[in-house]
Each structure stands twice: as C-alpha cells, then as structure tokens.
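Undergrad: Here the sequence shown stands for residues 697 to 949, where the numbers follow our numbering.
Note that these hints are calculated values from the structure, not bench results.
Hints may be right or wrong, so weigh each one.
[Stated by the list, open to error] Listed next, the in silico SDA-like pairs over lysine to any residue satisfying Cα-Cα at most 25 Å (straight line): (1) K743 to S722; (2) K741 to K903; (3) K743 to E767; (4) K936 to F820; (5) K903 to D878.
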Amino acid sequence: MVKVILVTGASRGIGESIVEVLLNLSADAVVYGVARSEAPLVELKKKYGNRFFYVVGDITDDQVLKSLVDEAVRGHGKIDSLIANAGVLEPVQNVNDIVVSDWKKLYDVNFFSIVSLVSIALPFLKQSNGSILFVSSDASDTYFNCWGAYGSSKAALNHFAMTIANEEKSVKALAIAPGIVDTQMQVEIRENVGPKAMSEEALSLFKGLKSDNRLLDSSVPATVYAKLALNGIPEAVNGKYLSYDAESLKEFR
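Just need the whole structure built from these sequences, with the hints factored in.
TA: In structure tokens:
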C-alpha cells in the first residue's frame with residue numbers, strides 16, 4: 697500500500713537525506729517535499745519521477761503549506777506521515793545582544809510554520825491514523841553558547857509533540873534530535889555565525905567535531921525518521937522527545 701509522506705526542507709541536508717532514504721527503503725513510498733530552492737528539488741524529481749513531487753516556497757507562507765497538503769491529497773488521496781525538518785539557526789546572539797525581531801523570524805520558521813502545517817494536515821492525518829515527526833535538537837535541552845533562539849524554538853517543538861499526542865489520539869507525534877550532523881549548518885557555525893558571536897571555547901567544540909571526524913552523516917538520523925514515517929510511531933514513544941540513538945528507537949536505526 698502506498699505511503700504518502702510530507703517532508704519540509706527537502707532540498708538539502710537532513711531533509712534531502714530523508715527523501716532519499718524514504719524512496720530507497722520502500723518502493724511504495726511517495727514523497728511530497730517543500731523548500732525554497734528549486735534546483736535540488738528538480739534533481740530529486742528527475743531521479744525518482746512519479747514518486748517525488750514538490751512545492752517551491754517559504755514555509756512561513758500558509759499558502760505554500762496549503763499547496764503542499766492539497767497537492768498530496770489531490771495526487772494520492774491521503775497523507776500518512778509528516779516530517780517537519782526545515783529550520784534555521786540564526787540569530788546566534790548573546791542574551792545581552794538580543795534583537796527580538798530576529799528571534800521572531802526564527803520562531804516563524806522553526807515553530808509557527810510547523811504549527812500551521814500540522815493544523816492544515818491534521819484532518820488528513822487523522823483519517824490515516826498518521827504520524828508526525830519533528831526534527832528537534834540537542835539544543836532543546838542542552839545549553840549551547842548564544843543559541844537561545846534556536847534552542848528554545850526546538851524546546852517548544854518538543855512540547856508541541858507532547859500536546860498533539862495527548863489531544864488527538866488518532867495521530868501519533870514524536871520529536872527527535874538528529875545528533876550533530878555534517879550539514880551546511882555546521883559549516884555556517886564554524887565559518888560564519890560562530891566566529892561572530894560564540895565564545896572561543898564553544899566554537900572550538902564544533903571545529904573539533906569536524907577535524908576529528910565525529911560529525912554524523914545525514915543518512916544516519918534520516919533513516920530513523922524515514923522508518924518511523926513508513927512504519928508508524930510506536931505507542932510507547934508517542935509524544936516524547938528522544939535522541940535518534942535512543943534505545944527505544946533501536947529497531948528504526
């Protein structure tokens with residue numbers, strides 16, 4: 697039976713890996729992706745044909761989100777899972793240098809766009825007893841220098857997963873931290889936003905992770921998200937916040 701899965705931030709990094717893993721793991725998977733950059737989406741479409749469809753646009757625009765959901769329902773009649781992956785790191789700001797408007801922009805991407813997408817997709821996810829997966833972060837419950845905006849937005853996402861699980865019993869939700877992954881965000885931390893705002897000690901941690909080859913390949917956490925989206929979230933972890941390598945997720949790695 698065809699599994700119809702929505703993926704945000706599908707053009708690069710963990711999101712792109714999730715799309716690839718989904719479509720390689722299951723011949724019955726169909727993915728509808730959304731991102732701002734069209735070129736990588738076109739390449740995915742060329743590679744996977746009628747198993748990958750996409751919408752180009754900013755996820756803070758409700759019309760873009762509605763188009764994504766409408767395309768999936770029009771094309772395949774249902775939505776089985778939603779993987780909310782898109783997110784931004786900046787602003788990286790010390791508490792003494794807060795620019796509130798920057799925090800609001802981050803929250804629009806990292807949290808409110810996801811709340812909006814869930815509200816739009818929820819009627820269809822209820823019909824399929826579907827799954828909602830949030831790409832959270834270790835920063836949601838661990839201090840990282842100058843990451844107040846990012847970390848708190850991910851903490852809000854964790855709570856949202858718990859809320860969904862308790863208030864809509866026909867749908868399961870789970871927030872998962874993907875570990876520290878070798879993506880463009882890590883490049884930005886080491887070469888751009890980190891040197892501008894973070895302490896030398898904090899920055900050296902991230903530089904060391906790269907130089908010591910300790911960053912995860914994006915396919916590692918992507919496999920966990922993909923398998924959960926395909927097989928469904930177990931009741932035992934419904935509503936929780938977990939790391940990708942949690943013992944309770946062992947069967948999905």
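Undergrad: None of the hints should be skipped; say for each whether it holds.
TA: Status of the hints after comparison with the structure:
1. K743 to S722: holds, 15 Å
2. K741 to K903: violated, 35 Å
3. K743 to E767: Status holds; Cα separation ~20 Å.
4. K936 to F820: Roughly 22 Å between the alpha carbons, so the hint for K936 and F820 holds.
5. K903 to D878: holds, 12 Å
Checked against the numbered hints given earlier, this structure breaks only hint 2.
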